[in-house]
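Colleague: The task is simple: from the sequences and hints, build the whole structure.
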Amino acid sequence: VTSKHINRSMDQLLSQKSFCPDNQSSLLQRVLSLDPSNPKLAQILSLDMFIVGIDTTSAALASILYQLSRHPDKQKKLREEIRTVLPNADSKLTANKLEQLQYLKACIKETLRMYPVVIGNGRCMTKETIISGYKIPKGVQVIFQHYAISNSSRYFSHPEQFLPERWLKGSGYKHHAFASLPFGYGKRMCLGRRFADLELQTVVSKIFQNFEVKYEYGDLEYTVHPIYMPDGPLKFKMIED
Numbered sequence: 007v008t009s010k011h012i013n014r015s016m017d018q019l020l021s022q023k024s025f026c027p028d029n030q031s032s033l034l035q036r037v038l039s040l041d042p043s044n045p046k047l048a049q050i051l052s053l054d055m056f057i058v059g060i061d062t063t064s065a066a067l068a069s070i071l072y073q074l075s076r077h078p079d080k081q082k083k084l085r086e087e088i089r090t091v092l093p094n095a096d097s098k099l100t101a102n103k104l105e106q107l108q109y110l111k112a113c114i115k116e117t118l119r120m121y122p123v124v125i126g127n128g129r130c131m132t133k134e135t136i137i138s139g140y141k142i143p144k145g146v147q148v149i150f151q152h153y154a155i156s157n158s159s160r161y162f163s164h165p166e167q168f169l170p171e172r173w174l175k176g177s178g179y180k181h182h183a184f185a186s187l188p189f190g191y192g193k194r195m196c197l198g199r200r201f202a203d204l205e206l207q208t209v210v211s212k213i214f215q216n217f218e219v220k221y222e223y224g225d226l227e228y229t230v231h232p233i234y235m236p237d238g239p240l241k242f243k244m245i246e247d
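According to the working numbering, the residues represented by the sequence shown are 7 to 247, in order.
Hints are computed from structural coordinates only; laboratory data are not their basis.
Keep in mind that a hint or two might mislead.
[Unchecked claim] Calculated lysine-lysine pairs in the DSS-like style (CA-CA distance at most 30 Å, straight line):
hint: 1; residue 1: K241; residue 2: K82
hint: 2; residue 1: K115; residue 2: K175
hint: 3; residue 1: K220; residue 2: K241
Modeller: Printed below as a string of structure tokens:
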């Protein structure tokens, strides 16, 4: 469906003899203006924006609400932290206050460890490479499986348990620094990571500042579509207090 919308917009733009982007121009228009001879690049970039820029954050938020609603002790601890930092309903959430919400960040990290919205990142080998004794020819796509690694007992103790404490300094939990990389790593990591982090921290803090969240149904099923996300209705009950 997304491809159809993008292709229709591209056809309209390419039918014009020339166009100059301005402040109101879309990403599609800007990329096409740079190189009209390469419409495929504009199509790929626009498709990526739809896939990774919209559903990913909402899927992550759903998983965070689900985990905290199924673990009331963790939710209570989070709400106590939030209400200490933001004591009033009209308390402003500043960068300084976000830095104080360490348990909030731990809850988000732990959820993304268990339910990474992108279950793997692919890299195309630019040269022949040997990985763990295997010769990988140039041009072969190698997939780093976030979900498999971050849910493995080889790298995390009790990986099936929701334990935000494992991300707190001085907690005693140990894990490999690269065992959970929901946003990827290096110069090709997720471009919107900081924005997504800020968005999730803001929304989650405001929800649990004002509401107790409950989920009184069976286990939430997950599917890849095309990101890893809940499959089914999200029947959360929010109780204002």
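Colleague: Hint by hint, note whether the structure agrees.
Modeller: Verification of the hints:
Among the hinted pairs, K241 with K82 is consistent with the structure: their alpha-carbon atoms are about 20 Å apart, no more than 30 Å. For the proposed pair K115 and K175, the alpha carbon gap of about 13 Å is at most 30 Å, so the pair holds. As the CA atoms of K220 and K241 are separated by approximately 9 Å, the hinted pair is consistent with the 30 Å bound.
The structure shown violates none of the earlier numbered hints.
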